[in-house]
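Put together the whole structure using the sequences plus the hints.
Residue numbers (the numbering used here), protein chains in the order written: chain A, 1 to 223; chain B, 1 to 273.
Hints may contain errors.
Said to hold, decoys possible - Sample of chain B residues facing chain A (criterion: CB under 7 Å; computed from the structure):
no., residue
1, Pro63
2, Ile64
3, Val65
4, Ser168
5, Ile202
6, Phe203
7, Asp205
8, Leu206
9, Gly207
10, Gly209
11, Asn232
12, Arg234
13, Thr235
14, Tyr236
15, Ser238
To be verified - List time: in silico SDA-like cross-link candidates among lysine to any residue, alpha-carbon distance up to 20 Å:
no., chain 1, residue 1, chain 2, residue 2
16, B, Lys31, A, Gln4
17, A, Lys124, A, Arg44
18, A, Lys222, B, Leu171
19, A, Lys202, B, Pro63
20, A, Lys3, B, Lys31
Derived from the structure by calculation, the hints contain no laboratory data. Remember, it's a predicted structure, so these values are computed and weren't measured experimentally. No residue lacks a Cβ here, since even glycine has one placed at the ideal position from N, Cα and C.
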Amino acid sequence: MTKQQANWSPYDNNGGSCVAIAGADYCVIAADTRMSTGYNILTREYSKITKLADKCMMASSGFQADVKALQKLLAARHLIYQHQHNKQMSCPAMAQLLSNTLYYKRFFPYYSFNVLGGLDSEGKGCVYTYDAVGSYERVGYSSQGSGSTLIMPFLDNQLKSPSPLLLPAQDAVTPLSESEAVDLVKTVFASATERDIYTGDKLEIVVVNAEGIRSEYMDLRKD
Amino acid sequence: MSKGMVDVPPKGGFSFDLCRRNDMLTQKGAKAPSYRKTGTTIVGLIFQDGVILGADTRATEGPIVCDKNCEKIHYMAPNIYCCGAGTAADTEAVTDMVSSQLQLHRYHTGRESRVVTALTLLKRHLFNYQGYVQAALVLGGVDVTGPHLHTIYPHGSTDTLPFATMGSGSLAAMSVFESKYKEGLTKDEGIKLVTEAICAGIFNDLGSGSNVDVCLITKGHKEYLRNHMLPNPRTYVSEKSYAFPKKIEVLLTKITPLKEKVEIIESSDAMEE
Chain A
1 MTKQQANWSP YDNNGGSCVA IAGADYCVIA ADTRMSTGYN ILTREYSKIT
51 KLADKCMMAS SGFQADVKAL QKLLAARHLI YQHQHNKQMS CPAMAQLLSN
101 TLYYKRFFPY YSFNVLGGLD SEGKGCVYTY DAVGSYERVG YSSQGSGSTL
151 IMPFLDNQLK SPSPLLLPAQ DAVTPLSESE AVDLVKTVFA SATERDIYTG
201 DKLEIVVVNA EGIRSEYMDL RKD
Chain B
1 MSKGMVDVPP KGGFSFDLCR RNDMLTQKGA KAPSYRKTGT TIVGLIFQDG
51 VILGADTRAT EGPIVCDKNC EKIHYMAPNI YCCGAGTAAD TEAVTDMVSS
101 QLQLHRYHTG RESRVVTALT LLKRHLFNYQ GYVQAALVLG GVDVTGPHLH
151 TIYPHGSTDT LPFATMGSGS LAAMSVFESK YKEGLTKDEG IKLVTEAICA
201 GIFNDLGSGS NVDVCLITKG HKEYLRNHML PNPRTYVSEK SYAFPKKIEV
251 LLTKITPLKE KVEIIESSDA MEE
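Okay, here's the thing in structure tokens:
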């Protein structure tokens, strides 16, 4: 008599990919807009990017119900912070808050793979990458989601500094200009869409810089 | 005369010897190897002059597209073609095998192959393997008895239908057929309907995608329209070419010479003692 396995799971994976790239004075956050379950498409126009603070955006792939719950919690906590400190939360502060919120549910995690992007207190681009239970790190670029295994090696090739054994570790921001970074993101998503069935439909690109936040859309393959 | 075990030569067919071992391994937690499935949309319909078959061109390995433009409409005979969904190796192998058998049969009988012959050969083979050969097929062709269209399921059951769909995108394609199919379609109407059904699968099913292949068979004539429609071009090509700017850094160089060649001195009496 084999051990009975659970036949109901509280989780589902709605697919999708997210990317963020930090520049000297800007940050590019991008995600596709396809929401799927199994082999079916639920909608072609679902935004995975949300604004947490004035200069701080979060892109999340995974189980969108958990993502939605997480976004609401962070928005509420940010409002409390604003009441108590009379200012917006900085990106590094929000990054730590997100990590703590995720670890709080260490034994029933949010099935949410996040990438935080924005400007730090000095106005330089910053990107934070997370796992499902809150382990985080500030990096120059990152990708999460179903297409991340296809996207990350390409970003490593284009953006990663040469071997740290030969040269000292460089600043965690890319020397690319804003338009070059956007071009890179478009190329990366067009390629990931070719080979990942859960990525496609439309690409939403958000650029955060000193002037503010601007959004851009690009069509992806719909098959 | 030795009394040892006599090795019986294998009699052919599926060898079930390793099944107990595989079950034991899965119980211990070892993952079985995954197969490459074609996660597909395949369709067929009968129109006024014959049969039209259609298929998408995406092959998947789990969530990854491993072939963006594969061929799912297989040749069986000059007047018979077969679309395949399921495990790619199984559909290829089974259609190739029956295609050869049909050719030998044509030589033996001196006649054009009939669709029911292909049907029986396929279903006998699949039933024999009790569903382990995971091939779901849409078989269509025109012979002396007229146009025929059949579906064949992995366990060996068959249906004879005026229009049929199989694969993960079959529901999307069938919704198009059920709405728009009627008897006595013309060639252009038939091709248009098949293309619409495959496109429904391509855009609404994640296991299907890329291009539309169509195959039209009528009495004495066939048209294999490979990539009849390409509704999914790449959406963005950067003007800047993405070169590989970084050289591979050499971190350490160490040269180890191989052992010197050893000379063997040929001595003709060395072995003769």
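Hint-by-hint comparison with the structure:
{"no.": "1", "hint": "Pro63", "result": "holds (6 Å)"}
{"no.": "2", "hint": "Ile64", "result": "holds (6 Å)"}
{"no.": "3", "hint": "Val65", "result": "holds (5 Å)"}
{"no.": "4", "hint": "Ser168", "result": "holds (5 Å)"}
{"no.": "5", "hint": "Ile202", "result": "holds (5 Å)"}
{"no.": "6", "hint": "Phe203", "result": "holds (5 Å)"}
{"no.": "7", "hint": "Asp205", "result": "holds (6 Å)"}
{"no.": "8", "hint": "Leu206", "result": "holds (4 Å)"}
{"no.": "9", "hint": "Gly207", "result": "holds (5 Å)"}
{"no.": "10", "hint": "Gly209", "result": "holds (3 Å)"}
{"no.": "11", "hint": "Asn232", "result": "holds (5 Å)"}
{"no.": "12", "hint": "Arg234", "result": "holds (6 Å)"}
{"no.": "13", "hint": "Thr235", "result": "holds (5 Å)"}
{"no.": "14", "hint": "Tyr236", "result": "holds (4 Å)"}
{"no.": "15", "hint": "Ser238", "result": "holds (5 Å)"}
{"no.": "16", "hint": "Lys31(B) - Gln4(A)", "result": "holds (18 Å)"}
{"no.": "17", "hint": "Lys124(A) - Arg44(A)", "result": "violated (33 Å)"}
{"no.": "18", "hint": "Lys222(A) - Leu171(B)", "result": "holds (18 Å)"}
{"no.": "19", "hint": "Lys202(A) - Pro63(B)", "result": "holds (19 Å)"}
{"no.": "20", "hint": "Lys3(A) - Lys31(B)", "result": "holds (17 Å)"}
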